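Undergrad: Letter by letter, the chains look like this.
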Amino acid sequence: MYVGKNVPRVDARDKVLGRTKYTDDLCDKSAYIARVLHSTIAHGRVVSVDTSEAEKIPGVVKIFTCFDVKEKHYFPTAGHPWSTDPDHQDVADRLVLTEEVRFYGDDIGAVVAEDEIAAAKALRAIRVEYEEYPFVLDVQEAMRDGAPRIHKNYPHNILKHTGTRRGNYEEAIKEPGLTKVEGWYDTPTVQHCHIENFICYAEMEGGRITVTASTQIPHIIRRIVGQALGIEWGRVRVVKPYIGGGFGNKQDALYEPLCAWLCMQLGGHLVKLDVPREDTFVSNRVRHAIRSHIISWVRPDGTYAARKLEAFSDQGAYASHGHSIAAKGAGAFSQLYPCDNIEVDAYTVFTNKPVAGAMRGYGIPQAMWAVEAHTEDVAARMGMDPVEFRRRNLMPVGYVDAFSRNELYDDTFNQCLDKAMEAIDYKRKYKEYQNQTGDIRRGIGVAVFWYNTAVWPISLETSSCRMVLNQDGSLQVQLGETEIGQGADTAYTQMTADVLGVPLENVHVVSCQDTDVTPFGTGAYASRQTYTAGFSIRQTALLLKERILKYAGGLTRMPVYNLDIVEGVIVRTTDGRRLMTLGELSTEALYSLKDSRHLTAESTSQIKSNAYSFGCTIAEVEVDIPMCKVKLLDIVNAHDAGTLINPALAEAQVHGGMSMGIGYGMSERLIFDEKTGRPLNNNLLDYKLSTFMDHPRLKAVFVENAEPTSAFGTKALGEPPACSVAPAIRNAVYQATGVAVNEAPVNPHNLFRRFQEEGLL
Amino acid sequence: MSRQYKLVSCTINGKQVEKMVDVRASLTDMLRDDYRLTSVKRGCEVGECGACNVIIDGECFNSCIYLAVWAQGKEILTLEGLAGPDGGISDIQQAFIDEAAVQCGFCTPGFIMSAAAILEAKREFTDDEIRKRMSGNLCRCTGYENIFRAVKKTMLQRLGKEKEGIL
Chain S
1 MYVGKNVPRV
11 DARDKVLGRT
21 KYTDDLCDKS
31 AYIARVLHST
41 IAHGRVVSVD
51 TSEAEKIPGV
61 VKIFTCFDVK
71 EKHYFPTAGH
81 PWSTDPDHQD
91 VADRLVLTEE
101 VRFYGDDIGA
111 VVAEDEIAAA
121 KALRAIRVEY
131 EEYPFVLDVQ
141 EAMRDGAPRI
151 HKNYPHNILK
161 HTGTRRGNYE
171 EAIKEPGLTK
181 VEGWYDTPTV
191 QHCHIENFIC
201 YAEMEGGRIT
211 VTASTQIPHI
221 IRRIVGQALG
231 IEWGRVRVVK
241 PYIGGGFGNK
251 QDALYEPLCA
261 WLCMQLGGHL
271 VKLDVPREDT
281 FVSNRVRHAI
291 RSHIISWVRP
301 DGTYAARKLE
311 AFSDQGAYAS
321 HGHSIAAKGA
331 GAFSQLYPCD
341 NIEVDAYTVF
351 TNKPVAGAMR
361 GYGIPQAMWA
371 VEAHTEDVAA
381 RMGMDPVEFR
391 RRNLMPVGYV
401 DAFSRNELYD
411 DTFNQCLDKA
421 MEAIDYKRKY
431 KEYQNQTGDI
441 RRGIGVAVFW
451 YNTAVWPISL
461 ETSSCRMVLN
471 QDGSLQVQLG
481 ETEIGQGADT
491 AYTQMTADVL
501 GVPLENVHVV
511 SCQDTDVTPF
521 GTGAYASRQT
531 YTAGFSIRQT
541 ALLLKERILK
551 YAGGLTRMPV
561 YNLDIVEGVI
571 VRTTDGRRLM
581 TLGELSTEAL
591 YSLKDSRHLT
601 AESTSQIKSN
611 AYSFGCTIAE
621 VEVDIPMCKV
631 KLLDIVNAHD
641 AGTLINPALA
651 EAQVHGGMSM
661 GIGYGMSERL
671 IFDEKTGRPL
681 NNNLLDYKLS
691 TFMDHPRLKA
701 VFVENAEPTS
711 AFGTKALGEP
721 PACSVAPAIR
731 NAVYQATGVA
741 VNEAPVNPHN
751 LFRRFQEEGL
761 L
Chain R
1 MSRQYKLVSC
11 TINGKQVEKM
21 VDVRASLTDM
31 LRDDYRLTSV
41 KRGCEVGECG
51 ACNVIIDGEC
61 FNSCIYLAVW
71 AQGKEILTLE
81 GLAGPDGGIS
91 DIQQAFIDEA
101 AVQCGFCTPG
111 FIMSAAAILE
121 AKREFTDDEI
131 RKRMSGNLCR
141 CTGYENIFRA
151 VKKTMLQRLG
161 KEKEGIL
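The listed protein sequences correspond, in order, to chains S and R. For what it's worth, this note's numbering labels the leading residue of the first sequence as 1, then goes sequentially. For what it's worth, this note's numbering labels the leading residue of the second sequence as 1, then goes sequentially.
These aren't lab readings, by the way, just hints derived from the structure by calculation. Predicted model, so just to flag it, every value in this text is computed and none were measured. Ideal Cβ placement from N, Cα and C applies to all residues, glycine included. The reader is advised that the hints may include incorrect statements.
Only pairs whose alpha carbons sit at most 25 Å apart, straight line, appear in this in silico DSS-like list of lysine-lysine [said to hold, decoys possible]:
hint	chain 1	residue 1	chain 2	residue 2
1	R	Lys132	S	Lys631
2	S	Lys699	S	Lys427
3	R	Lys132	S	Lys688
4	R	Lys132	S	Lys629
Computed footprint of chain R on chain S; a stretch qualifies when at least three of its residues, placed anywhere within it, have a C-beta under 8 Å from a C-beta of chain R [unchecked claim]:
hint	segment
5	4 to 11
6	22 to 35
7	191 to 202
8	231 to 245
9	372 to 381
10	480 to 494
11	694 to 702
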């Protein structure tokens, strides 16, 4: 059996040899180079574009402006499954190039040249005349009367508002003896920072267009390119090679539609569009900055009588994933600490800022920042131990969500907390760090999270798989689920080998998705793939096994029910005799003179279930108060992701999420010039991505409660590690200094302001 | 400046080579485009991320901010040059596999080249020194933890101290 073992990644050897081919490595050198002309105002209209000087630059092939887009096919960009119900379709508010400018960095033109230098020179030589409008950068200001209107059909710039009411909040707060705790919590705009920038290239063949792209979602991109060009979706072929990270940014149509459009304008010539790092920060997607306002009414025994949340999610200039992010976070609020009387209002609001889309955690890191900072504040106000207070109020065992039917089957929260506390020696440190004085102080903090696996019942989850037996008994496996660095292909290899009963090295998962040949699947998002692909892998492998054994029965004249496949050998189960190898069988099957067969199986699983994934972070910090600096001394994440398919890769996945959480909690944020809306730190030097030196050793521990709804006992692990890190760091700083920092990140800028306000400086 | 070419002769992965190179090209451009050494990755093109790191005369450089013409007479080692002619891989590459230090793999070549330069020093570095020397490479997948383990393990192995353990 391979599931549960630390099998090396199937792609590791090629990757350490530098042989793995990514999009740019595959593109032919004959490609024209496309670069996007971005707006240099935050809000307005393009009046004219003077390309005359740029066109004179040797090597420039053609320059396109927003006025060249004659057929206006508006398209949505979110990497969601398409809804056949028009009421549930994503908002189609993008054009490949736009005259209406809605943020600093909007796409108003494109240069196509023979090389990068000519393209870059031409961009600089283009003169654009704008009619400028007032702009708005703050989410609550954008909702005010008289604020600049960013899209005409959205009054007060509200893309969507959802409200949840449970019990009666107004009545409940009248209960005598309640303590009111209230706070505002802010998370910043941050970016995914995968090391491979988004890149794609397009070419035409036989009246069809092929787009090779660094994407998480090839089948979705096919649909969106079709929509954006106004052509049949079947005329679009999308190829997804290995990609250099995605983290949600590439769960969106980025420049595939524009690149395809440029290619078509140039008669189908090969065009490559490689996004510079500086543009990646601004003109791809970012994480929604969310401002949350929480009021809790707490009984003297430390239970909640009533709670209220208002969340304001900064969508930026276009709808992309839209309200899904804020809605997911708002759902977490009412489920994590269930309470009988709840009011939740979530608003997703347009601003003149970069477009927010999916990013690892999809609203949960923002929600956990607010909820877990607030939980700490409540425990402190009530004079209760922060861990005991959480244990008292957390989602109890047996909790079932009315909408998703998700259930908490095991005492996971307590198990995760216990394991993390032990790993970091929490109790001793917590006691030691109480009531410190002096300039240098230490603290330790806790935060928990839950995370949904996959998206049922918001949409039906579907996974398709194809298995093809080769002449030698090895097989190819194809899935719509994409490898984006997380190790998906390795997990699928392990699963297939186990169900079919073949050696691991005989299973070849085809890593590249090609919409012409790969079974339909929606791709990498929602931490869904190990869960969803597990169903179709098990089902398809069982189907193939049945066909193999039926054929073996014919060859060996044995009844099928007395046959099995064990380590690639057809075995008679009654006496354990090895009858023939799978290789011998498949050679016979393909070259037989009597009964030739191409042994394959293909099937689709509809997944009408979903699972909660749980965990917590404990962080230990040292705070230098005069320097306003925090040093992270130690950190541990504990997770229950069900049965681990590959513990070593699971641990690695947790490390990466923790790292992203550390950046979110301590250093990362995109900042904008208030006067112009221009981004100020859109490069890796000024943005402050965590480096090797900013981390202590990262610890990951697991609780493995097998998920009963799952084909392999597994559930979400891709996004969860990033969800509770930042608030744990914030809470550690709170224990160290008594200062609550409610605006992430806990960097020197925010600490200086807060330490001054609290009289520490 | 218009197109001008210059002959650049150098040693790449042990082989003496020469080609006419656009004087505006970076070493990354030359290695990727002229020699098809695609382990050299473009992540930022301004010396921030380290994905393009190669070893020049024994020292690790960001090849994206090193002009191709400066390579004249130099000895250049890319990741492709670390494996033996029979495809056998080096200890540091094997350690990256064994310690699960590879995820998307895009930053991996640059990290291995930085690590190779550290290991060539043939001395024991403290944990903090390893971190500092590796800090010119950015990774968003691994949190650096398993890369640290791979580098430290290989360093100790080469010094005959593997029994000391990483943790």
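Undergrad: Look at each hint and say if it fits the structure.
TA: Now the hints, each set against the structure:
{"no.": "1", "hint": "R:Lys132 <-> S:Lys631", "verdict": "holds (16 Å)"}
{"no.": "2", "hint": "S:Lys699 <-> S:Lys427", "verdict": "holds (17 Å)"}
{"no.": "3", "hint": "R:Lys132 <-> S:Lys688", "verdict": "holds (16 Å)"}
{"no.": "4", "hint": "R:Lys132 <-> S:Lys629", "verdict": "holds (19 Å)"}
{"no.": "5", "hint": "4 to 11", "verdict": "holds (count 4)"}
{"no.": "6", "hint": "22 to 35", "verdict": "holds (count 4)"}
{"no.": "7", "hint": "191 to 202", "verdict": "holds (count 6)"}
{"no.": "8", "hint": "231 to 245", "verdict": "holds (count 4)"}
{"no.": "9", "hint": "372 to 381", "verdict": "violated (count 0)"}
{"no.": "10", "hint": "480 to 494", "verdict": "holds (count 4)"}
{"no.": "11", "hint": "694 to 702", "verdict": "holds (count 3)"}
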